[in-house]
Amino acid sequence: MNYPEYRPRRLRCNSTIRSMVRENSLAVTDLIYPLFVKPGSGLRDEVSSMPGVFQLSLDQLGNEIAQLKTLGIPAVILFGLPEGKDADGSEGYAENGIVQKAIRAIKAAHPDYYVITDVCLCEYTDHGHCGLLDADGYVQNDPTLDLLTRVALSHVRAGADMVAPSDMMDGRVAAIRTALDDEGFENTPIMAYSAKYASGYYGPFRDAADSVPTFGDRAQYQMDPANADEALRETALDIAEGADIVMVKPALAYMDVLRTLKNEFAYPICAYNVSGEYAMVKAAAANGWIDEKKVVLETMLGFKRAGADLIITYHAKDIARWLINKD
Numbered sequence: 000m001n002y003p004e005y006r007p008r009r010l011r012c013n014s015t016i017r018s019m020v021r022e023n024s025l026a027v028t029d030l031i032y033p034l035f036v037k038p039g040s041g042l043r044d045e046v047s048s049m050p051g052v053f054q055l056s057l058d059q060l061g062n063e064i065a066q067l068k069t070l071g072i073p074a075v076i077l078f079g080l081p082e083g084k085d086a087d088g089s090e091g092y093a094e095n096g097i098v099q100k101a102i103r104a105i106k107a108a109h110p111d112y113y114v115i116t117d118v119c120l121c122e123y124t125d126h127g128h129c130g131l132l133d134a135d136g137y138v139q140n141d142p143t144l145d146l147l148t149r150v151a152l153s154h155v156r157a158g159a160d161m162v163a164p165s166d167m168m169d170g171r172v173a174a175i176r177t178a179l180d181d182e183g184f185e186n187t188p189i190m191a192y193s194a195k196y197a198s199g200y201y202g203p204f205r206d207a208a209d210s211v212p213t214f215g216d217r218a219q220y221q222m223d224p225a226n227a228d229e230a231l232r233e234t235a236l237d238i239a240e241g242a243d244i245v246m247v248k249p250a251l252a253y254m255d256v257l258r259t260l261k262n263e264f265a266y267p268i269c270a271y272n273v274s275g276e277y278a279m280v281k282a283a284a285a286n287g288w289i290d291e292k293k294v295v296l297e298t299m300l301g302f303k304r305a306g307a308d309l310i311i312t313y314h315a316k317d318i319a320r321w322l323i324n325k326d
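Numbers 0 to 326, taken from numbering that gives the first Met the number 0, label the letters of the sequence shown in order.
Rather than coming from a laboratory, the hints here were simulated on the basis of the structure.
Beta carbons are placed, not taken as given, at the ideal position from N, Cα and C, and that holds for glycine.
Please note: incorrect hints may appear among the correct ones.
Stated by the list, open to error - Pairwise CB distance ranges, derived in the manner of DEER restraints:
hint, residue 1, residue 2, range
1, Thr213, Ser14, 52 to 60 Å
2, Ala239, Gly158, 25 to 33 Å
3, Asp216, Arg43, 27 to 35 Å
4, Lys292, Asp111, 27 to 35 Å
5, Tyr137, Asp290, 45 to 53 Å
Unchecked claim - Under the rule of at most 30 Å between Cα atoms (straight-line distance), these lysine-lysine pairs were calculated in the DSS-like manner:
hint, residue 1, residue 2
6, Lys261, Lys106
7, Lys303, Lys316
8, Lys303, Lys292
9, Lys303, Lys100
10, Lys68, Lys316
11, Lys261, Lys303
12, Lys68, Lys303
13, Lys292, Lys316
14, Lys100, Lys292
15, Lys106, Lys68
16, Lys303, Lys293
17, Lys316, Lys293
18, Lys316, Lys106
19, Lys292, Lys261
20, Lys261, Lys316
21, Lys100, Lys68
22, Lys261, Lys293
Hey, can you work out the whole structure from these sequences and the hints?
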């Protein structure tokens with residue numbers, strides 16, 4: 000194709016033709032909204048590093064879900080702030096843990112609303128790591144699997160529609176799939192955090208979820224940001240173990256990984272637009288340096304173009320309003 004026989008601008012002349020040949024689109028139904036739940040009542044505490052994002056007490060969840068339903072956002076993913084923490088993260092799998100209570104509260108008010116739960120221990124352990132520690136402070140893989148299955152089972156028994164293990168322990172998808180199937184929950188899907196990187200973009204989330212490690216970092220179990228081929232191996236393992244959806248986290252700096260995984264596996268894939276990505280946009284917009292709406296929608300389309308089928312994003316409410324109003 001050569002100019003002047005081929006003129007790409009012919010298909011950019013007006014909004015009608017641009018919409019007709021558009022290769023990717025963003026819909027409200029692509030979005031999953033993260034919710035942080037905490038003990039207490041009447042609480043709606045804004046996260047200082049994430050404007051517009053709140054830690055909610057259980058009595059606030061009914062109204063929050065009603066708003067999300069009005070906006071057309073089809074699902075939430077829950078994160079809990081427990082009343083207490085210990086070395087085993089026992090409130091993570093307690094029958095009356097904060098997430099278990101939140102699931103029941105949401106289902107009591109909105110039985111058909113889709114609830115996904117994050118399955119991990121870092122919010123519940125007193126050391127802030129995602130598994131059991133040995134005497135030297137190393138996160139033990141295999142002993143942690145039993146606890147993760149207990150977390151997942153407790154969530155599904157409480158009414159969760161999907162579980163999403165985020166711990167990055169080897170073999171946890173198979174352990175959870177087996178446990179769910181053995182309990183008669185074979186129709187409950189698993190969304191695996193398959194390519195979860197040891198990223199600097201998580202800072203605000205750790206404030207929101209009160210999950211900052213008391214020592215060290217999570218590089219011994221989360222992926223090295225330098226690696227892409229490893230993401231193929233991690234994702235292949237999770238699919239083989241029974242994952243129904245795989246995830247790349249963070250999304251913005253890892254669109255190449257999104258595209259590689261989509262090309263390789265042609266599998267449902269979720270992009271997690273994480274807290275640091277959200278906070279950067281909010282800070283720049285507050286200073287008048289960027290057009291927030293334009294940048295957010297462009298970023299979301301980037302995720303879709305890279306291969307994402309679903310997007311977890313703190314921008315979900317704003318995106319829904321923008322798409323509904325279409326202004």
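Hint by hint, here is what the structure shows:
Roughly 54 Å separates the CB atoms of Thr213 and Ser14, a value that falls within the hinted 52 to 60 Å. For the hinted restraint 25 to 33 Å between Ala239 and Gly158, the CB-CB distance of approximately 28 Å keeps it satisfied. Between Asp216 and Arg43, the C-beta spacing of about 31 Å keeps the proposed range 27 to 35 Å intact. Our hint of 27 to 35 Å for Lys292 and Asp111 holds, since their Cβ atoms are close to 30 Å apart.
Take Tyr137 and Asp290: their Cβ atoms lie about 46 Å apart, and the range 45 to 53 Å holds. This hinted pair does not check out: Lys261 and Lys106 have alpha carbons roughly 33 Å apart, beyond 30 Å. Straight-line distance between C-alpha atoms of Lys303 and Lys316 comes to about 18 Å, which keeps the hinted pair within the 30 Å bound. A distance of roughly 17 Å separates the Cα atoms of Lys303 and Lys292; the hinted pair therefore holds under the 30 Å criterion.
Only pairs whose Cα atoms come within 30 Å are accepted, and Lys303 paired with Lys100 is rejected, the gap being roughly 34 Å. Between the alpha carbons of Lys68 and Lys316 the distance comes to roughly 10 Å, so the proposed pair stays at or under 30 Å and holds. Note on Lys261 and Lys303: the hinted pairing holds, with a Cα-Cα distance of about 11 Å set against a maximum of 30 Å. A hinted pair counts as satisfied when its Cα atoms are at most 30 Å apart, and Lys68 with Lys303 qualifies at roughly 23 Å.
A hinted pair counts as satisfied when its Cα atoms are at most 30 Å apart, and Lys292 with Lys316 qualifies at roughly 12 Å. Restraint check for Lys100 and Lys292: the C-alpha separation of about 35 Å exceeds 30 Å, so the hint is violated. Between Lys106 and Lys68 the CA atoms are separated by roughly 13 Å; this keeps the pair inside 30 Å, and the hint holds. Of the pairs offered as hints, the one joining Lys303 and Lys293 holds, with about 15 Å between alpha carbons and a cut-off of 30 Å not exceeded.
About 15 Å separates the Cα atoms of Lys316 and Lys293, which keeps this hinted pair within 30 Å; it holds. Distance check on the hinted pair: Lys316 and Lys106 sit about 21 Å apart at the alpha-carbon level, within 30 Å; holds. For the hint linking Lys292 to Lys261, the alpha-carbon distance of about 27 Å falls within 30 Å, and the restraint holds. Among the hinted pairs, Lys261 with Lys316 is consistent with the structure: their alpha-carbon atoms are about 27 Å apart, no more than 30 Å.
Proximity of Lys100 to Lys68 is assessed by CA-CA distance (about 20 Å); at most 30 Å being required, the pair is judged to hold. Restraint check for Lys261 and Lys293: satisfied, since their Cα atoms lie roughly 26 Å apart, inside the 30 Å limit.
In this structure, the hints that do not hold are numbers 6, 9 and 14, in rising order.
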